[in-house]
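Hints in hand, dock the two standalone chains.
Top line first, the protein sequences correspond to chains G and R.
Start counting the first sequence at 164; every next residue gets the next number (the working numbering).
Start counting the second sequence at 16; every next residue gets the next number (the working numbering).
Calculated directly from the structure, the hints in this document are not laboratory data.
Note that this is a predicted model, so its numbers are computed, not measured.
Glycine residues also receive a C-beta, built at the ideal position from the N, C-alpha and C atoms.
Watch out, some of these pointers could steer you wrong.
Said to hold, decoys possible - Subject to a maximum C-alpha distance of 30 angstroms in a straight line, what follows is the list of computed DSS-like cross-link-like pairs (lysine-lysine):
hint, chain 1, residue 1, chain 2, residue 2
1, G, Lys232, R, Lys72
2, G, Lys233, R, Lys72
3, G, Lys232, G, Lys219
4, R, Lys26, R, Lys72
To be verified - Where chain G lies over chain R, by a calculated footprint (3+ residues, C-beta under 8 angstroms):
hint, segment
5, 26-34
6, 55-63
7, 71-81
8, 98-109
Unchecked claim - Non-contacting residues of chain R with respect to chain G, defined by C-beta distances greater than 12 angstroms in every case (computed):
hint, residue
9, Ser22
10, Thr41
11, Thr86
12, Glu94
13, Ser95
14, Gly120
15, Arg124
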Amino acid sequence: SQQGEEDPQALSIQEGENATMNCSYKTSINNLQWYRQNSGRGLVHLILIRSNEREKHSGRLRVTLDTSKKSSSLLITASRAADTASYFCATALYGGATNKLIFGTGTLLAVQP
Amino acid sequence: DAGITQSPRHKVTETGTPVTLRCHQTENHRYMYWYRQDPGHGLRLIHYSYGVKDTDKGEVSDGYSVSRSKTEDFLLTLESATSSQTSVYFCAISGPTANTEAFFGQGTRLTVV
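This is chain R alone, in the form it adopts within the complex (with noise of 0.2 angstroms):
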C-alpha cells in the first residue's frame, strides 16, 4: 500500500463517547480524505483537506469534525458517537497535483454499542 496507516484498524465503542481515528501518509501528498462505507451508499465524503490547516466539509460531516496541523497526518473526531456512526472508515490520498489518482489505507472498522 502506497505509504498510508489507519489507526486503529478495529474500534468498538460506547454512544456518546467521542472518538479519533488517524490517518497517516509518508507520501507527503497535498490532498488527503475521510469517507465512510455503508451498505447501500457506496463511500460518502466526511470531511477532506487540501493543505496543512486546510480543511472542507464533504456530503456527511454532520457529527465529524477533522485536524490536519501536519502534512503526514489528519485526524477524524467523532465528537460524541452515535450508533449511526457505526461503519467502516477510510482515508484516502492523492497529489500533488488535481489530476492524480487517490490511495486508500485499509479501513477502520468501528462500532458504536
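In isolation and in its complexed conformation, chain G is listed as follows (with noise of 0.2 angstroms):
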C-alpha cells in the first residue's frame, strides 16, 4: 500500500475560495513535498517541508506538518482557474542516504472561473 494518502480524492471549488488537501503518511520521514501537475504533464514541486518543522508559506501556498499524527495540508489561498490541476504529497523517507521517495494518490482540484 502506498505511504501517503490524500484527501480529498477530488475537490471544486469556486475561484477566490480557499482550497485545503490533506495528506498521511505511514513511517518516519525526512521531509514532505507537494507537488502539482497539470494534465498530461510532469510533476512541479511546490513546497518542501522538513520533519523538524511545523509550517511554511510560499506565496499563497502554506503547509502544516503534524508528524505526531503523520499528516500534512497544504492551503491554497485565493485559488484562481489556474490552480486547477492535481496536487500530490510525497514523503522522503527517513534512515541512511537513499532519500527514498513517495508519492499518495493526489486530490484533483477544480477551480471554477
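This is the structure:
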C-alpha cells in the first residue's frame, strides 16, 4: 500500500475561495513535499517541509506538518482557475542516504471561474 | 525543465518483448527515480538510485530492472512487457542532499498490446 494518502480525492471550488488538501503517511520521514501536475504533464515541485518544521509558507501556499499525527495539509488561498490541477504529497523516508521518495494518490482540484 | 530528458516519449510494443526506457540528466544530481502513473494510483515508485551502480526497489518493482552505469543515465527495462505495464512512466532526479526537491521529466507513455 502507498505511503501517502491524500484527502479529498477530488475538490471543486469557486475562484477566490481557499482550497485545503490533506495528506497522511505511515512511517518516519525526513521531509514532506507537495507537487502539482497539470493534465498530461510532469510534476512540478511546490514546497518542501522538513520533519522538524511545523509550518511553511510560499506565496499563496501554506503547508503544515504534524509528525505526531503523521499528517500534512496544503492550503491554497484565493484560488484561481489556473490552480486547477492534481496535487500530490510525497514523503522522503527516514534512514540512510537513500532518499526514497514516495508519492500519495493525489487530490484533483477544479477551480471554477 | 531542469535538464532531464526521457526517451522515447511514446512507445507501443507487443506483449513479451523487452523494452528499455532512458532517463538522462545534465544536473549531476545524485538521486534518480522511476515512477509509473496509473488512474486511481497516483505515482508509484518502481526503482530508484542513490548513486552510480547503487539502486534499490520501490513499491512495484516486479517485472522491472534498472541500471545506472553513469551519473547522468538511469535505464528502466521491462524484461518481458505485459499489458499490465501499460502506463505513463516518469523519471525524476534530486540532489545533491536528501532534503531537496525532485525534478520530473515529461513522461513516457508506454502501451503494451
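Hints versus structure:
1. Lys232(G) - Lys72(R): With a Cα-Cα distance of about 27 angstroms, the restraint between Lys232(G) and Lys72(R) holds, given a limit of 30 angstroms.
2. Lys233(G) - Lys72(R): Between Lys233(G) and Lys72(R) the Cα gap is close to 24 angstroms, so the pair holds against 30 angstroms.
3. Lys232(G) - Lys219(G): holds, 17 angstroms
4. Lys26(R) - Lys72(R): holds, 24 angstroms
5. 26-34: violated (count 0)
6. 55-63: holds (count 7)
7. 71-81: holds (count 3)
8. 98-109: holds (count 3)
9. Ser22: holds, 14 angstroms
10. Thr41: Given a closest Cβ separation of 16 angstroms, the condition holds.
11. Thr86: holds, 15 angstroms
12. Glu94: holds, 23 angstroms
13. Ser95: Its Cβ never comes within 12 angstroms of chain G, the nearest being 26 angstroms, so this holds.
14. Gly120: violated, 6 angstroms
15. Arg124: At about 9 angstroms from chain G, Arg124(R) fails to clear the 12 angstroms cut-off, so the statement is violated.
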